[in-house]
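Number of protein chains: 2
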Amino acid sequence: MTQWVYSFGSGKSDGDAGMKNLLGGKGANLAEMASLGLPVPPGFTITTEVCTYFYSHDKAYPESLMSDAMAALAAIESQVGTRFGDRENPLLLSVRSGARVSMPGMMDTVLNLGLNDVTVQGLAVKSGDERFAWDSYRRFIQMYGDVVLEVPHHDFEEILEQYKRKHNLANDTDISAVGWKGIVADYKDLVLRELGRPFPQDPQEQLWDAIGAVFKSWMTPRAVTYRKIHSIPEDWGTAVNVQAMVFGNMGDDCATGVAFTRDPSNGENYFYGEYLVNAQGEDVVAGIRTPQPLSLAARQKDNSPLPSMEEVMPEVYGQLCDVRARLEAHYKDMQDIEFTVQQGKLYMLQTRTGKRTAAAALRIAVDMVNEKLITPDEAVLRIDASALDQLLHPMLDPNVERDVVGKGLPASPGAASGIAVFTADEAEERAKDGSDVILVRIETSPEDIHGMNAARGILTTRGGMTSHAAVVARGMGRPCVAGAGTIQIDMKRRVMIAGGVEIAEGDVITIDGTKGEVMEGRVPTLQPKLSGDFQTVMGWADAARRMKVRANAETPTDAKVARDFGAEGIGLCRTEHMFFDPHRIQKVREMIFADTEGARRKALNSLLPAQRDDFTELFRIMKGLPVTIRLLDPPLHEFLPHEDADIESFAKAAGLTVDRVHRRLNELKEANPMLGHRGCRLGITYPEIYEMQAVAIFEAALKVDVIPEIMVPLITTKAELSKLRKMVDEVAARIYTTKAGVKLPYIVGTMIELPRAALMAHEIAEEAAFFSFGTNDLTQTTLGMSRDDAGSFLPFYVEKGIFAKDPFVSLDQDGVGQLIDMACVRGREARSDLKLGICGEHGGDPDSIDFCERTGLDYVSCSAFRVPIARLAAAQASLRAKKKSAIKAAA
Amino acid sequence: MTQWVYSFGSGKSDGDAGMKNLLGGKGANLAEMASLGLPVPPGFTITTEVCTYFYSHDKAYPESLMSDAMAALAAIESQVGTRFGDRENPLLLSVRSGARVSMPGMMDTVLNLGLNDVTVQGLAVKSGDERFAWDSYRRFIQMYGDVVLEVPHHDFEEILEQYKRKHNLANDTDISAVGWKGIVADYKDLVLRELGRPFPQDPQEQLWDAIGAVFKSWMTPRAVTYRKIHSIPEDWGTAVNVQAMVFGNMGDDCATGVAFTRDPSNGENYFYGEYLVNAQGEDVVAGIRTPQPLSLAARQKDNSPLPSMEEVMPEVYGQLCDVRARLEAHYKDMQDIEFTVQQGKLYMLQTRTGKRTAAAALRIAVDMVNEKLITPDEAVLRIDASALDQLLHPMLDPNVERDVVGKGLPASPGAASGIAVFTADEAEERAKDGSDVILVRIETSPEDIHGMNAARGILTTRGGMTSHAAVVARGMGRPCVAGAGTIQIDMKRRVMIAGGVEIAEGDVITIDGTKGEVMEGRVPTLQPKLSGDFQTVMGWADAARRMKVRANAETPTDAKVARDFGAEGIGLCRTEHMFFDPHRIQKVREMIFADTEGARRKALNSLLPAQRDDFTELFRIMKGLPVTIRLLDPPLHEFLPHEDADIESFAKAAGLTVDRVHRRLNELKEANPMLGHRGCRLGITYPEIYEMQAVAIFEAALKVDVIPEIMVPLITTKAELSKLRKMVDEVAARIYTTKAGVKLPYIVGTMIELPRAALMAHEIAEEAAFFSFGTNDLTQTTLGMSRDDAGSFLPFYVEKGIFAKDPFVSLDQDGVGQLIDMACVRGREARSDLKLGICGEHGGDPDSIDFCERTGLDYVSCSAFRVPIARLAAAQASLRAKKKSAIKAAA
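Going line by line, the protein sequences match chains P and R. Going by the working numbering, 398 is the number at position 398 of the first sequence; the sequence numbering is gapless. Just add 1000 to the spot in the second sequence (first one is 1) and you have the working numbering.
FYI, nobody ran anything at the bench for these hints, they're computed from the structure. Keep in mind it's a predicted model, so treat the numbers as computed, not measured. All residues carry an ideal CB built from backbone N, CA and C; glycine is no exception. Mixed in with the good hints, there may be bad ones.
[Unchecked claim] Derived lysine-lysine pairs resembling BS3-like cross-links, with alpha carbons at most 27 Å apart:
#1 K726/P <-> K1800/R
#2 K432/P <-> K1703/R
#3 K1743/R <-> K1703/R
[Claimed, not checked] Partial chain P-side listing against chain R, Cβ under 7 Å, derived:
#4 H450
#5 L665
#6 N666
#7 E670
#8 M674
#9 T685
#10 T716
#11 L754
#12 P755
#13 T781
#14 L783
#15 F793
#16 F796
#17 A804
#18 G817
#19 M822
So here's chain P without its partners, still in its complex pose (with noise of 0.2 Å):
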């Protein structure tokens, strides 16, 4: 029989902290907290698979669920010594979602639940005080009318406001006992107007109803919305944690607050914390009242004028400091934990791996190594090697006077400019228009994440480290300005006050998430300067991987960064970006409208020079490396002109008719440019052009000690590759005997992105001393989708889970992969030293890395600013697949 319901608390449980799939995060560590002795309030989890069976079952549950849950829920009062329900002693319960993974804010809670016209009434004698309990009722008609009963949340407020209004009292914590009681009043007239039937006052029904609705929480547009941007899989399911309540709130002895083990912006060993004295977990992390800071360090850190935890309470602060230990301890890793103080007494309400910086999850690494919590191998696997973004890309140039208009919390760092926009949708559409943006909000709420995924950066005006904003925004990898309480912002006018600027919608604006700054207009950037961590782990990472990490270049420029990111050869050069350059595109013209091959060599003869001049300096920059050259790809129509005026201004500099310009733009139209006249069939029907690129190329290695490997695009068929190869193989004949005397080494390939060439691979092996796979196209062909196209279903595919992840971005492991498999093995059958290696733009995304070493490929190459990516992902690949064939040695 399957187990739906797993118990927690007083030093044993049922699950553990590997049962994440079952129970998600939160329950499997409540599950670990408790077993390890630490003080959890007791309670149980209903597993994912609960979950499951309610989609699928038409929103009903196993048949055994109530009876089980019922048995838990009796184990709960008999440790807490109160029963549900019951009229002088109740228990209190709350009810939280928990998915396998954190979805910060996205799903339902419901606190207080059991609370009822009765039990309001022991609660007030139990706690002896009447206004704790009468208010604790209040926000749980308030919570579950919000999530379980559906009456708009605004209703609630309403009724609260005006009564302060009426009463003319400034804050929640000005109203009495009795003030409460008129408000619950209220408040269950608001429930019986809206849903016409009574606040429901049976326990047991207030429990199943919670229960059902934090199920349904699973599938509200914003939880979907953010499975789509994090790729989770909507059959994950949330599990259910039910759990005796705790309070915050119960007076000053009470506290509430939420920690990391370590500093998560800069992964700085330190407690760091917020905490707020009376009051609830969520008044910490709505952001309404500002925290306090934990450690009396932090405190002088910050400058900040309220007392810490620390001071305050110095031996719950204690007790803290100790779970703190221990949970690092036991985890191995920096902790992000809530807990509670109740009359004194601390209790842990959750504990999970803290999500971090990308900075700073390499000085966690880097320190943990250090301290021996960890190996280098589990600090290398450890860091998410996509975040490393984040420190890869642009800063603000600190030479430049900043003209700082606000400042707020360094919530998320890096730095971006764009224009304001004060709403989600706003930032949505102007990003889609293609314009950089940064949302400004007030404070963020789970509805704005499409606003916050579509902007450049996000600067909010209330809220902490931990709020909605910052923690979503370190997720994201966008920079984020948070609680930058001085700017003011003007909905109705669309226009923020800052420093006394006033800033429209559509200004620009700068913020550097970094430093917590925003600056009116755009501010210079430069690149990042890496840290010793970031060295010391890539060092780690290079010790680790047996995948080479090339790059995908053609300018110096990228070629540059490229090297000094560690790119160990250039495995993509697109020489048809060179044709592009303004001084050439005219003679490119011309050869294309050559009639005869003579003209097309003369034109090409004058466009030699350069395009030598450009291997020459990259292979200079490259020394001692290998550089894929790639021979010219696009279709011929890709360099014409398309514009009157431009085809005006080419034909008469070409001395041509407008008219034969027209006639001949239409000769070149393709209906699929995709899979026309290009790749190597223009190196079949005009040799010439090849030749020249050849002549360039070993023109150029005469004088740079590098190795060329020539690759040839577009290869459906051997016979192909061997007409090229034997042109090629005779261009270097003639140079390296005329130039030189000398034979300098070399090699042809050819890219595999046509299925028919992985099918092929054993007879195109034969002619090729390498295959990089060209995924991109290969993605397009093999799925018959043009990238360019698929914007109009792809995004729809996605969100309903046709495809898990988009092919585009992470390569389609099923399908496209078993080509790849396929063409390597074959290719390596035909050709035992055949070099494999990719240059899709796959070849910086991890998990397709991961998949590279699996099929045994020898290099992967990438766009230059995902180098560092691509290396840490290969070293994590080449970890797990040795981990995995130890266990299959054990076994």
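Take the given structure of chain P and dock chain R to it, following the hints.
Frame of chain P; chain R shown alone:
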């Protein structure tokens, strides 16, 4: 050691008829005939391997060739009793090409080789005919000069014409020995002038240069063109046959002729041929003198004034009839023979399987089965399935009065109308522009091949049934009227005068190749009635084949033709064709312009009745048979107006602004529509479109007894098919319940037309009851080659042998074939009753059908007119497969 030279003659030969690949067709059959004891002048064959060697060794010969050939030459000398180069009794030789398959007139021949200023005197003395000797010498100089020395043919003709004008002679036969001597002197002067050296006198030099010239003629542009048209690989090469000369022009007891053992145009079992007294073979083929009938019966049949061979030389005629009988009994097939009679003695110069019209092929096959020469299975295997095409095309309506303006020989059956053009280049150009053209020539030559291929039909005013025009037209399946002597062509004015009517280039004419008639203007055509022989052979084919044959059809007309031609259902009904109906396209466009699902549904609902009626009619025609309906496939922009006027009128009718229409057109524009938002991607994003189609299908199916097979196009992944199958199932359940309360059978399957679908066939098969291979798109994606755009390089690829065949005509079995094979195996593993078929245009191509048989498909589907071809090809494939497995079983 490789044997480069094979001798034949005197009842024994080194080779035989089975060695065509090595000896060429002519050489192999000369060897075979010699072995049979038939009177073959002795000779030897230099193998096709020498040709291959020649081209791969910079036109050099294998080392031992010379000595081997000299030994073989000595054997000829000893058999004939003359010596090569002997001044008194010289051996003369013919040097002829001979490839694996006949390439009529494509390559070069030299006759009378061995003559020089000395041996010509010996020949004169020995033959007792000085005029013959010098005529032979001048023929040799002329032929050798043209073929080997490359002195223009017309320069020799000019000398001859001048001589005749000067001496006022009408015919060559009027020239005396003295006259020929003078002409020979002039010819030799011409050669000296043109080449700067005298005409070669050394017989050995003559021989080896002639052999080289024959090998070189393998690569002449016309030979290359011919091979391209007939898909003959370049690397086959030609053999060279060196043979003792016999002379049909030594007097009135000499003759030369060509014959078919049965009538090649209709297959009738009678000895069909032509001969000329006192002539060399070339005279018959060239069509300069009108040849005489072979038999008295033929003379009477054709009402010829010329005496038949049976009358003129009854004894030799009797010998020839014996030879005919022996050859048919031996080869068990109709033979095409060449013979020469020298001074009353018959010599056989060639036999080969005779080319024939499709009608003749059927009749001969049926007759030979009746004559117990072959079995029905052999009969089925013998017929060129592609050639049936000739029979399946329209013929002239016999009930329409014909305005016959000229008559000629019925050289190739069928009828065609088109504009008259007078050069091959013009024919090609006008055909490219989309005109139907009839190529009208005095006589055709190998230089005209491209124009003949481009033309709908061919008309010549000179030449017989075995003239170049007639032979080539039959091979190409083009109707041809040959030797229409009453028609005059004025090339200067570009007109033809026929029956007193002047027809200019560009005027429409009609030819009837079955009757040999030429009409002014266009004559209406009728579907052909298929002969009893056709039905007989089809019956045998149907008995022999395993695979079903279906048709691709969506119009009632096509469906009826298909059923008449024996289609066993519809394999592909393209529903979009129904959308293009002018009465519906406005609704379709409004649907595309709808902003909401509701508006789309409204437009679709108004299309529903018409779509339902389409299916009802189609189902009625195909009653009792399966009908596969493909849901909407093309991208929506294909349905939109693109011309300004259309856009305006559509906008007006739809109540939209022109601007709005342009905007939508822009939105829907795709860079690569072939890889864009089409196929099931439409069904996924706009499910209401497919839903309407499903409703129409099921409502129609309620009225007629068919099993609808609903085919979802462009599947990439199983999830697409799951979703859409579910939708179809829901519609079926709804329709069948609400409308009838019954459940009718239907199945849902998919096209496999993307590489990924083939690779994931094991998963997709879980949702599909059938796979239909859409090999058009599968070829495009697997090869990364757009059919619409390949015109700029694909012909070049085929010409250069990079592709053996156009992969859009004949399936790329190496590449695409692998994917099909894989999909079949994986699909069947997942679902053992998976139905497998093909519905790309390859479904009508015999080679591709053979592949389908080997791969185990259940059916092929092709265009209606190709159904009989497919039936026959499927039978042949079955028989070949059986033979193969029998051989395997025996081994």
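- Any CB of chain R closer than 7 Å to the CB of L783/P? Holds - the Cβ of L783/P comes within 7 Å of chain R, reaching about 5 Å at its closest.
- Item | Restraint satisfaction for T716/P [CB to CB of chain R, less than 7 Å] | Nearest chain R Cβ about 5 Å off; hint holds.
- Would the stated hint for H450/P survive a check requiring a Cβ distance to chain R of less than 7 Å? 20 Å, violated
- Item | Status of the T781/P interface restraint (C-beta, 7 Å, chain R) | 5 Å, holds
- Item | Pairwise hint evaluation, K1703/R against K432/P, where the allowed Cα distance is 27 Å at most | Violated, because 50 Å separates the two Cα atoms, which is more than 27 Å.
- Task: Closer than 7 Å between Cβ atoms is the bar; does M674/P clear it against chain R? Give me holds or violated.
- Result: 4 Å, holds
- Message: Hint validation: F796/P versus chain R, beta carbon distance must be below 7 Å. Holds or violated?
- Response: 6 Å, holds
- Verify the interface restraint on A804/P: the C-beta must sit less than 7 Å from at least one C-beta of chain R. Hint violated; A804/P Cβ to chain R Cβ min 10 Å, cut 7 Å.
- Message: The hint names T685/P as touching chain R; please verify it with the least Cβ-Cβ distance against 7 Å.
- Response: 5 Å, holds
- Query: Are M822/P and chain R close enough, Cβ to Cβ, to be under 7 Å, as the hint says?
  - Reply: Status violated, d = 9 Å.
- Interface hint compliance - L665/P to chain R, C-beta minimum distance less than 7 Å: 14 Å, violated
- Item | Satisfaction of the E670/P interface hint, Cβ to chain R closer than 7 Å | Cβ of E670/P sits 4 Å from chain R, so the hint holds.
Of the numbered hints listed earlier, those contradicted by the structure are 2, 4, 5, 6, 17, 18 and 19.
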